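Residue numbers -23 to -1, 1 to 195, in mature numbering (1 follows the signal peptide of the UniProt record, and there is no 0), belong to the letters of the sequence shown in order.
A few of these clues could be false.
Within a straight-line C-alpha distance of at most 25 Å, the following computed DSS-like cross-link-like pairs (lysine-lysine) qualify [claimed, not checked]:
hint	residue 1	residue 2
1	Lys106	Lys183
2	Lys183	Lys103
3	Lys180	Lys103
4	Lys180	Lys106
5	Lys183	Lys147
6	Lys147	Lys106
7	Lys147	Lys103
8	Lys180	Lys147
9	Lys114	Lys147
Listed next, with one range per pair, are the computed distances between beta-carbon atoms [what the hints assert, rightly or not]:
hint	residue 1	residue 2	range
10	Ser161	Ser134	22 to 28 Å
11	Lys147	Lys33	43 to 49 Å
12	Asn77	Gly135	28 to 34 Å
13	Glu32	Ser151	40 to 46 Å
14	Gly135	Lys180	25 to 31 Å
15	Asn129	Lys180	35 to 41 Å
16	Thr31	Ser161	26 to 32 Å
17	Ser161	Lys106	16 to 22 Å
18	Glu32	Glu139	43 to 49 Å
19	Asn130	Glu32	26 to 32 Å
Calculated directly from the structure, the hints in this document are not laboratory data. Computed from a prediction, not measured in an experiment: that's the story for all the values here. Where a beta carbon is used, it is the ideal one built from N, C-alpha and C, also for glycine.
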Amino acid sequence: MKKTILMFCSVVFLCVMQMEASAQNENSERIDQGQRGRVLSPVTVEEVNFEPLTEKEKRQIKKKVLQKLEIPGQGGSIGNPILPNRWEWITAGGRKYYINVTITSLAVTIWVDPVIAVGYDYTVEKGPKFTAVELPKGIGDNQYDLWVYQNNNYVDSGVNIEGGALYQFKEPVSNFSIRGIEPSAELDPANETAFPTGLRFEKTGKAVVTMTTVTKEN
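Generate coordinates for the entire structure from the input sequences, incorporating the hints supplied.
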């Protein structure tokens, strides 16, 4: 009888030990799985957006990049001036060119260009007045004569403007003329980028500017 009781107690003890060992192993596996989960899954799928950009988003990004790089559009550089949208004949064989411009900043020079002549009359037909002008370098002797508008006529102001230098008017003007372009420069009449002119204005907004050719016969 005593032997039977001892054997039964031994069996119970062994079963209890096996159950405890099994429980410890399960806990260890759970801990390892939890640690592996934290290491291998630092970011959930919901936190990553794999959707392609829309056309609107692409345009917005392109606009921001261009603004950051400050790449000038038409009228933003001497090599990319705003060209006339129409012209009409005037007396003595000259032409009046109409150029539409948009002024976004008073500190930005807007470049415009018609065709060849020995001079040009500049007029604001509609919009803000001129405050400054910059003329191209390397044409003829690189010196230009500034004429001002008085009593419905242009007269020589006695001021010479050097090509490539920004000239500020004493006060905003609606009209002025540039003369003294040497005929010997032989600028091509068919080349609409022959005489790009930089202009500044007194206000932002839109303006219609005309450049009227002054020919040798004038």
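Quick rundown of the hints versus the structure:
Among the hinted pairs, Lys106 with Lys183 is consistent with the structure: their alpha-carbon atoms are about 11 Å apart, no more than 25 Å. Taking the CA atoms of Lys183 and Lys103, the gap is near 8 Å; set against the 25 Å cutoff, the hint holds. For a cut-off of 25 Å, the pair hint linking Lys180 to Lys103 stands: about 12 Å separates their Cα positions. Distance restraint check for Lys180 and Lys106: the Cα-Cα separation of roughly 8 Å lies within the 25 Å cut-off, and the hinted pair is therefore satisfied.
For the hint linking Lys183 to Lys147, the alpha-carbon distance of about 22 Å falls within 25 Å, and the restraint holds. Between Lys147 and Lys106 the CA atoms are separated by roughly 12 Å; this keeps the pair inside 25 Å, and the hint holds. Pair hint Lys147 plus Lys103 holds up; C-alpha atoms about 21 Å apart against a cutoff of 25 Å. For the hint pairing Lys180 with Lys147, the CA-to-CA distance comes to about 16 Å; that is within 25 Å, so the pair holds.
With a CA separation close to 23 Å, the supplied pair Lys114 and Lys147 stays within the 25 Å bound. Between Ser161 and Ser134 the beta carbons are some 24 Å apart, a value that agrees with the proposed interval 22 to 28 Å. Roughly 47 Å separates the CB atoms of Lys147 and Lys33, a value that falls within the hinted 43 to 49 Å. Distance hint for Asn77 and Gly135: a CB-CB separation of about 33 Å, consistent with the stated range 28 to 34 Å.
Taken as a hint, the range 40 to 46 Å holds for the pair Glu32 and Ser151, whose Cβ atoms sit roughly 43 Å apart. For the pair Gly135 and Lys180, the supplied restraint of 25 to 31 Å holds, since their beta-carbon distance comes to about 29 Å. At roughly 25 Å, the beta carbons of Asn129 and Lys180 sit outside the given window of 35 to 41 Å. At roughly 57 Å, the beta-carbon separation of Thr31 and Ser161 lies outside the given 26 to 32 Å, and the hint is violated.
For the hinted restraint 16 to 22 Å between Ser161 and Lys106, the CB-CB distance of approximately 33 Å leaves it violated. Glu32 and Glu139 have their C-beta atoms about 47 Å apart, which keeps the hinted 43 to 49 Å range intact. Here the CB-CB span from Asn130 to Glu32 is close to 55 Å, at odds with the stated 26 to 32 Å.
Taken one by one, the earlier hints fail for this structure at numbers 15, 16, 17, 19, listed in ascending order.
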